[in-house]
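Enquirer: From first to last, the protein sequence lines stand for chains Z and W. Each residue of the first sequence is one higher than the one before, starting from 1169 at the first, in my numbering. Each residue of the second sequence is one higher than the one before, starting from 7 at the first, in my numbering.
Among the hints, erroneous ones may be present.
Taking lysine to aspartate or glutamate pairs in the EDC-like style, the calculated list, with each CA pair at most 16 Å apart, reads [said to hold, decoys possible]:
{"no.": "1", "chain 1": "Z", "residue 1": "K1265", "chain 2": "W", "residue 2": "D235"}
{"no.": "2", "chain 1": "W", "residue 1": "K236", "chain 2": "Z", "residue 2": "E1253"}
{"no.": "3", "chain 1": "W", "residue 1": "K236", "chain 2": "Z", "residue 2": "D1255"}
{"no.": "4", "chain 1": "W", "residue 1": "K278", "chain 2": "Z", "residue 2": "D1231"}
{"no.": "5", "chain 1": "Z", "residue 1": "K1235", "chain 2": "W", "residue 2": "D235"}
{"no.": "6", "chain 1": "W", "residue 1": "K265", "chain 2": "W", "residue 2": "E275"}
{"no.": "7", "chain 1": "Z", "residue 1": "K1256", "chain 2": "W", "residue 2": "D235"}
From the derived model, a few chain Z residues whose C-beta atoms are all more than 10 Å from chain W [what the hints assert, rightly or not]:
{"no.": "8", "residue": "I1216"}
{"no.": "9", "residue": "N1220"}
{"no.": "10", "residue": "T1359"}
Hints were generated in silico from the structure; no laboratory data involved. Glycine included, each C-beta is placed from N, C-alpha and C at the ideal position.
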Amino acid sequence: MTYEAIVIGVSAGGMNVMKQLFAALPHNFQLPIIIISHIGARSDNQWIHILNNTCSLTIKEADEKEKIRPGFIYFPPPNYHLMIENDKTFSLTIDAKVNYARPSIDVLFESAADAYGRHLIGIILTGSNSDGTLGLQRIKDQGGLTIVQDPSDAEYNPMPKSATSIKPDHILPFKEILLFLTNLNQALLNT
Amino acid sequence: MEDHTPVDHSQPHRNINPAAILETIFSRYGYDFRHYSEAHIKRRLLNSMVRWRIPDTEHMKERILTDEAFAATLVNDLSITVTEMFRDPDFYRSLRTHVIPILKTYPFIKIWHAGCSTGEEAYSMAILLTEEGLYDRSTIYATDFNQQALNFAKEGIYSNDLAREYTINYQLAGCKSSFSDYYTSQYDHVIMHKSLRRNILWANHNLVTDSVFAEVHLILCRNVMIYFDKVLQNQVQKLFYESLIKGGVLCLGSKESLKFTNVYDRYSEIDKAQRIYKKKY
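Make a model of the complete structure from these sequences and hints.
Expert: In structure tokens, the structure reads:
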């Protein structure tokens, strides 16, 4: 199976897992990663610059109409929804909040599922609401791979717990999700 | 704050062809969404189809063709109505520092808020101009294609929850008095003072299909272009260019840029980060 992108949804407890994720990703990671993390609307995304020093890949704020490229980790600007178009470029919207969130994980995941189909991996990590469940369902419906952090392993379990209701392909402790990603990268490099 | 509970789109999603639906709206009613961001439009259409229990594209087209009231609601649903007073306070600070001095040099000031939606930004501008002593010689054209939103804007009534959020924005924007000076509280809402409205002309104008209607000193069109594809962005930027006087100022949303449009070299940057541009002489 050839994958072309990874989308990740994370909320409460997110900073810890993101730091571990960024430290674990190898410099030659083959896929773009797009992350929705629920950060306050008045954030200035300075933390992106701070985290950039902890990662061998480039972490950046997604620009409107930007072409999605491997080797990058993208976040939406604060107070915007992030979507992916069929031509694999980003769109931003200021539509109403979904699940009390803007950016919302559902909004990204649903558009990413339509754009990438079975070439997408969707991951739901720690968080204390249910954003992302419908989005993960769409990824599954479109033939993509779905992974949820084991709720018993998550710092905040409501979000992963909700996401397990769609019967994802894998329910894994976070450490094993990291292992999965590095193994996947090795496999992509070998082909 | 406005919020949408998540909507399960899985049923209509199997049978939706957004392009065919947009073509039907255009050919029957003249509203042209064919160059909007597809991901955004698709999501909006799916929300409507779930709400009205329309299972697929064919039923959707039929409903649009036969039910004018439904079509009008749908067209309003496809427009973007989320806005705030003093949204992005840093932008308003920059406006005060860099643009107000330019406006002060004109005997009459004409301002166009393109895509004003429910009016928050037009009221923000009226407040800013009042505090700068410029409002008496200003006209604000506040336009949108969504008549429902325009009607709302004219009323100038906003919920208390919103007013609280706007008060924070107002303060962060470095304004000079107190936001509560500009409205009257009533029960669970606030009513903007009539004096703020006296020089605002609310008008129905469609950026996609209508043309130049005035020559203005300042255009604000914030968080509208993000919904347009490149073709439409260029078309609308041409309209703005032709509507501005030489030396006129164009303000876009903080995540929008002129950089990849055809008119980029015809403007100079006043504030790059806040997306404020000046039409070259």
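Enquirer: A separate judgement is required for each hint: does it hold in the structure or not?
Expert: Hints and how they fare:
1. For the hint pairing K1265/Z with D235/W, the CA-to-CA distance comes to about 23 Å; that exceeds 16 Å, so the pair is violated.
2. Between K236/W and E1253/Z, the direct Cα distance comes to roughly 13 Å. Compliance with the 16 Å bound is thereby established for this hinted pair.
3. At roughly 13 Å between alpha-carbon atoms, K236/W and D1255/Z fall within 16 Å of each other, so this suggested pair holds.
4. As the CA atoms of K278/W and D1231/Z are separated by approximately 15 Å, the hinted pair is consistent with the 16 Å bound.
5. With a C-alpha separation of about 14 Å, the suggested pairing of K1235/Z with D235/W holds against the 16 Å cut-off.
6. The straight-line distance between the Cα atoms of K265/W and E275/W is roughly 11 Å, inside the 16 Å bound, and the hint therefore holds.
7. A C-alpha spacing of about 13 Å is found between K1256/Z and D235/W, which places the hinted pair at or below 16 Å, so the restraint holds.
8. Listed as a non-interface residue, I1216/Z keeps its Cβ farther than 10 Å from every Cβ of chain W; the least gap is roughly 14 Å.
9. At the 10 Å boundary, the C-beta of N1220/Z stays outside the reach of chain W, the nearest C-beta of that chain being 19 Å off.
10. T1359/Z, annotated as away from the interface, keeps every beta carbon of chain W farther than 10 Å; the closest lies near 30 Å.
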